Amino acid sequence: MEVVLKEIVIHVSHLTKFYGRLLALDHIDFDVKEGEIFGFLGPNGAGKTTTIRLLTGLSKPTDGNASILGFDINTEITEVKKRVGVVPEFSNLYDELSALDNLLFVAQLYGVPRLARRKKAEDLLKTFGLFERKDSPFRMFSHGMKRALTIAAALIHDPKIVFLDEPTVGLDVVAARSLRNLIGNLRQQGVTLFITTHYLEEADILCDRIAILVKGRIVKIDTPKALKAATEEESVIEFSFAELSSTLIHDISDKLPEAKLVVMDYNKVRIHGGMPGKIYDNVCQLIREKGIEIQSVNSIRPTLEDAFIKITGLSPTVMSIEKGGK
Amino acid sequence: MWMDDFRGIYYIVLKDMKTYYLKPPAISWGIVFPVAWILAFYLRNPRSFEDLVPGLIAMTILFSTTAAEAVVINFELRLGSLERLLLSPISLSAVLLGKVLGGAIFGLIMSTIITIGSVVVLGLYPNLFYLILIIIPSLLAFSSLGALLCVLVREVFEAQTLLNLPRFLMIFLCGVIRPVSSMPAALEYIAYGMPLTYTINGLWQSFSASPGTMILIDAMALMGFFILFIFPATKLLYRKFE
Ligand SMILES: Nc1ncnc2c1ncn2[C@@H]1O[C@H](COP(=O)(O)OP(=O)(O)O)[C@@H](O)[C@H]1O
Ligand SMILES: [Mg+2]
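So the sequences go chain by chain: A and B.
The first sequence lines up with residues 1 to 326 when you count with the numbering used here.
The second sequence lines up with residues 327 to 568 when you count with the numbering used here.
Note that these hints are calculated values from the structure, not bench results.
No experiment lies behind these values; they were computed from the predicted model shown.
Careful: at least some of the hints might be erroneous.
As the list claims (entries may be wrong) - Dumping the calculated DSS-like pairs for lysine-lysine here, alpha-carbon to alpha-carbon at most 30 angstroms: (1) B/344 <-> A/126; (2) A/82 <-> B/561; (3) B/349 <-> A/134; (4) A/120 <-> B/566; (5) A/215 <-> A/278; (6) A/215 <-> B/566; (7) A/146 <-> B/566; (8) B/566 <-> A/160; (9) A/134 <-> B/344; (10) A/120 <-> B/344; (11) B/566 <-> A/82; (12) A/134 <-> A/60; (13) B/561 <-> A/60; (14) B/349 <-> A/60; (15) A/146 <-> B/344; (16) B/344 <-> A/119; (17) A/6 <-> A/225; (18) A/146 <-> B/349; (19) A/220 <-> A/260.
Unchecked claim - Sample of chain B residues facing chain A (criterion: CB under 8 angstroms; computed from the structure): (20) 334; (21) 337; (22) 412; (23) 415; (24) 419; (25) 568.
Beta carbons: idealized from backbone N, C-alpha and C, even for Gly.
The task is simple: from the sequences and hints, build the whole structure.
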């Protein structure tokens, strides 16, 4: 096996943030290596944005520390800012400036030399497929184009690390896929990426390693493959019932103490672990006694979703709750 | 680090000038309003128009420096574009200073136009050095006052409303249309607690035939107001990013 020693570019220790009395981040620790795509996966309110704000100097930690490219975020944040790019959760470029002018302004703020500015901006517009629209004001752009330009803006000063806060949230499937491709391509340029997301699938596709964050705590850090492997030995069977009541859930749990029940939907239940044959027999028997119909039974191949369920004990529906409870 | 901040201030001023200040809303608020106000006053109560010139210039300074501050500060805070400025290697104090200087420079352009206009039309001979000595610190004082009021609140409309309070209070109390010395003693004390009084005093002296050295005190008082406003404004803005 080839061993490549990569440098640690983000080192976080005991990072903690209180908002008043609310503990948003609770002593988190992790390292990110050079060239890695590191995912921060967690439901809304887990503390993903807070982590990015702390690491990029928009907010101060209550406790703990982090160093980025060897610079301390508490004392050398300006050095950090020069070397990292940030794609905020909400695209906040200037509505009234054109795509090109937005990039040029950001380049000016970062001190990109005058001669390099225009070329760099135009190259980025080409990379992100926006060159034809370079003179259109930002406000005229579609949501996907706005996200793309916001990513371009984060790259204008050739940062070593780019932080992306939920880059594809709110995009349609096609736009999200094309943006993911663009993000994936950044890897070839040797940029280290720190991505937050509450889309399991996105984390699975893009990331080399994933930290699962729940209520301000990191509950697990591993590769998507290893996370999935952890669930591979156990079976997962999904039942859909005509109707699902809490008594039925209780009865099933009582019969199968060794298995774990997760309610997926208004009529779906997944049963993790245990012997598949026994589970099947038991559930069928119970159903017959109660006179409830089974609509479907599936054996589920473990996905990152299952790994997430197993690790966090949360139902995956918490992940599909968008901001504002939509 | 200093270089980063200077560069940041420069480009923030340039961008705010282009996108907000040199546009019809700011220009009309900054110049049309003071002119209309003074003209209306003159028409109701005709006398020597020359006596109204210091008030006109002072009002132009006040209204034009603060004309777009609610937009450059509150609107940008709301949209997150101010936050974007802070992502770059520029300190928060420099960002606020950029915003304040933007207002001051716009005010300088507007008040220069008004001053040259009045001087040419009425054939006046002001002391140019005195004018500069009083106009520059006035621009800084009013712009930082505007910034302080803006960071006190969240929304653009709240900031606009709050800005009107000192604007109109000062028009009535600081000698724009009526000398402070002719007011009841209590109001006179209040007037000396407000920066516009010093601006008008200083401008009167710049236009008078035999100006005294009192103008230095006015200029220093105005610099004092600038410092008094800019520090808490910076501190309040810092608090939004703790
Ligand atoms: N400025 C703030 N003031 C008070 N509470 C905040 C602030 N920002 C975030 N929070 C709270 O901190 C927690 C974590 O928020 P956030 O980092 O935005 O989560 P995520 O990005 O994972 O959705 C949430 O409970 C949120 O309500
Ligand atoms: Mg977030």
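Checked hints:
Distance restraint check for residue 344 of chain B and residue 126 of chain A: the Cα-Cα separation of roughly 26 angstroms lies within the 30 angstroms cut-off, and the hinted pair is therefore satisfied. A threshold of 30 angstroms between alpha carbons decides the hint, and for residue 82 of chain A with residue 561 of chain B the separation of about 24 angstroms falls inside it, so the pair holds. Restraint check for residue 349 of chain B and residue 134 of chain A: satisfied, since their Cα atoms lie roughly 23 angstroms apart, inside the 30 angstroms limit. Under the criterion of a C-alpha separation no larger than 30 angstroms, the hint pairing residue 120 of chain A with residue 566 of chain B is inconsistent with the structure, at around 33 angstroms.
Note on residue 215 of chain A and residue 278 of chain A: the hinted pairing is violated, with a Cα-Cα distance of about 36 angstroms set against a maximum of 30 angstroms. About 23 angstroms separates the Cα atoms of residue 215 of chain A and residue 566 of chain B, which keeps this hinted pair within 30 angstroms; it holds. Of the pairs offered as hints, the one joining residue 146 of chain A and residue 566 of chain B holds, with about 26 angstroms between alpha carbons and a cut-off of 30 angstroms not exceeded. With a C-alpha separation of about 28 angstroms, the suggested pair residue 566 of chain B and residue 160 of chain A falls inside the 30 angstroms cut-off, and the hint holds.
For the given pair, residue 134 of chain A sits about 18 angstroms from residue 344 of chain B by alpha-carbon distance, which is consistent with the 30 angstroms threshold. Of the supplied pair hints, the one linking residue 120 of chain A and residue 344 of chain B holds, its CA atoms being roughly 23 angstroms apart against a limit of 30 angstroms. Simply put, residue 566 of chain B and residue 82 of chain A have alpha-carbon atoms about 22 angstroms apart, close enough for the 30 angstroms limit, and the pair holds. Taking the CA atoms of residue 134 of chain A and residue 60 of chain A, the gap is near 36 angstroms; set against the 30 angstroms cutoff, the hint is violated.
Between residue 561 of chain B and residue 60 of chain A the alpha-carbon distance is near 15 angstroms, which keeps this suggested pair within the 30 angstroms criterion. With a CA separation close to 37 angstroms, the supplied pair residue 349 of chain B and residue 60 of chain A exceeds the 30 angstroms bound. The suggested pairing of residue 146 of chain A with residue 344 of chain B holds, with an alpha-carbon distance near 22 angstroms, which does not exceed 30 angstroms. As the CA atoms of residue 344 of chain B and residue 119 of chain A are separated by approximately 23 angstroms, the hinted pair is consistent with the 30 angstroms bound.
Of the supplied pair hints, the one linking residue 6 of chain A and residue 225 of chain A holds, its CA atoms being roughly 20 angstroms apart against a limit of 30 angstroms. Taking the CA atoms of residue 146 of chain A and residue 349 of chain B, the gap is about 25 angstroms. The hint holds against a cut of 30 angstroms. About 19 angstroms separates the Cα atoms of residue 220 of chain A and residue 260 of chain A, which keeps this hinted pair within 30 angstroms; it holds. The interface hint given for residue 334 of chain B is met, as the beta carbon of that residue sits about 6 angstroms from the closest beta carbon of chain A, less than 8 angstroms.
Among the interface hints, the one on residue 337 of chain B holds; its C-beta lies about 4 angstroms from the nearest C-beta in chain A, closer than the 8 angstroms criterion. At its closest, the beta carbon of residue 412 of chain B sits 6 angstroms from a beta carbon of chain A; the interface hint therefore holds under the 8 angstroms criterion. Against a cut-off of 8 angstroms between C-beta atoms, the interface hint on residue 415 of chain B holds, since the closest Cβ of chain A lies about 4 angstroms away. Violation of the interface hint for residue 419 of chain B is found here, the shortest Cβ-Cβ separation to chain A being roughly 12 angstroms, above the 8 angstroms cut-off.
Against a cut-off of 8 angstroms between C-beta atoms, the interface hint on residue 568 of chain B holds, since the closest Cβ of chain A lies about 6 angstroms away.
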